[in-house]
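S.K.: First residue of the sequence shown? That's 992 in the numbering used here, and the numbers climb one at a time after it.
Keep in mind that the hints are not guaranteed to be accurate.
[Said to hold, decoys possible] Label-pair restraints from in silico Cβ distances:
| id | residue 1 | residue 2 | range |
| --- | --- | --- | --- |
| 1 | Arg1059 | Ala1026 | 44 to 54 Å |
| 2 | Ala1111 | Pro1028 | 21 to 31 Å |
| 3 | Ser1081 | Thr1035 | 14 to 24 Å |
| 4 | Arg1063 | Ala1029 | 47 to 57 Å |
| 5 | Leu1040 | Thr1066 | 29 to 39 Å |
| 6 | Pro1100 | Val1019 | 26 to 36 Å |
| 7 | Leu1027 | Glu1091 | 56 to 66 Å |
| 8 | Ala1029 | Gly1079 | 32 to 42 Å |
| 9 | Gln1123 | Ile1033 | 47 to 57 Å |
| 10 | Val1048 | Val1107 | 26 to 36 Å |
Just so you know, these hints were derived from the structure itself, not from any lab. Glycine included, each C-beta is placed from N, C-alpha and C at the ideal position.
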Amino acid sequence: MRVEDDVGRPRSRPRGRAPGIHDDGGAVSGEFAAALPAAVLILTLLLGLGMHAAAQVTLEEGARAAARELARGETEASAREAVQRVAGESVQVSISRDGEHARVRLVRPVRLLGLVELSAEQTADASARVEQPSLGGAPPGGPP
């Protein structure tokens, strides 16, 4: 069967379409709308993991800063100030001394995207050998 226009010429079909195929315009938009919440959820989780990793790094740096303060013979108050300066206010600090070593342990609750607190904790430990000032300039353990 041949289709003709008003003048008698054969009418051409639109290119790229076979006869009997329906237009699928809008299908891609629907698929995108269905996949968008999953993509947003994945991006949110990745962002949360990145923030968690950055918070862990600052916690470890705070523990090292406190251990350095104690190793130089500074007070525990000075070490706690160093922790707050580096790791923030919401950190629990525990300092112990074991012979010639000072140990610092920091604990902070985990927060999702900085807003929602989870039932998990981040911890960081550091230890340093405390320097003892030598008396009279003689090296420790040497002859008097």
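S.K.: Against each hint, give a clear statement of whether it holds in the structure.
M.R.: Hints versus structure:
The beta-carbon spacing between arginine 1059 and alanine 1026, approximately 50 Å, falls within the hinted interval of 44 to 54 Å. At roughly 25 Å, the beta-carbon separation of alanine 1111 and proline 1028 lies within the given 21 to 31 Å, and the hint holds. Between serine 1081 and threonine 1035 the beta carbon distance is about 22 Å. The supplied range of 14 to 24 Å therefore holds. Between arginine 1063 and alanine 1029 the C-beta distance comes to about 52 Å, which sits within the given range of 47 to 57 Å.
Look at leucine 1040 against threonine 1066: about 37 Å separates their beta carbons, and that is inside 29 to 39 Å. Roughly 43 Å separates the CB atoms of proline 1100 and valine 1019, a value that falls outside the hinted 26 to 36 Å. For the pair leucine 1027 and glutamate 1091, the supplied restraint of 56 to 66 Å holds, since their beta-carbon distance comes to about 59 Å. Between alanine 1029 and glycine 1079, the C-beta spacing of about 33 Å keeps the proposed range 32 to 42 Å intact.
Taking the beta carbon of each, glutamine 1123 and isoleucine 1033 are about 54 Å apart, inside 47 to 57 Å as hinted. Remark: the range hint 26 to 36 Å for valine 1048 to valine 1107 is contradicted by a beta-carbon distance near 21 Å.
Consistency note: the structure conflicts with the earlier hints numbered 6, 10.
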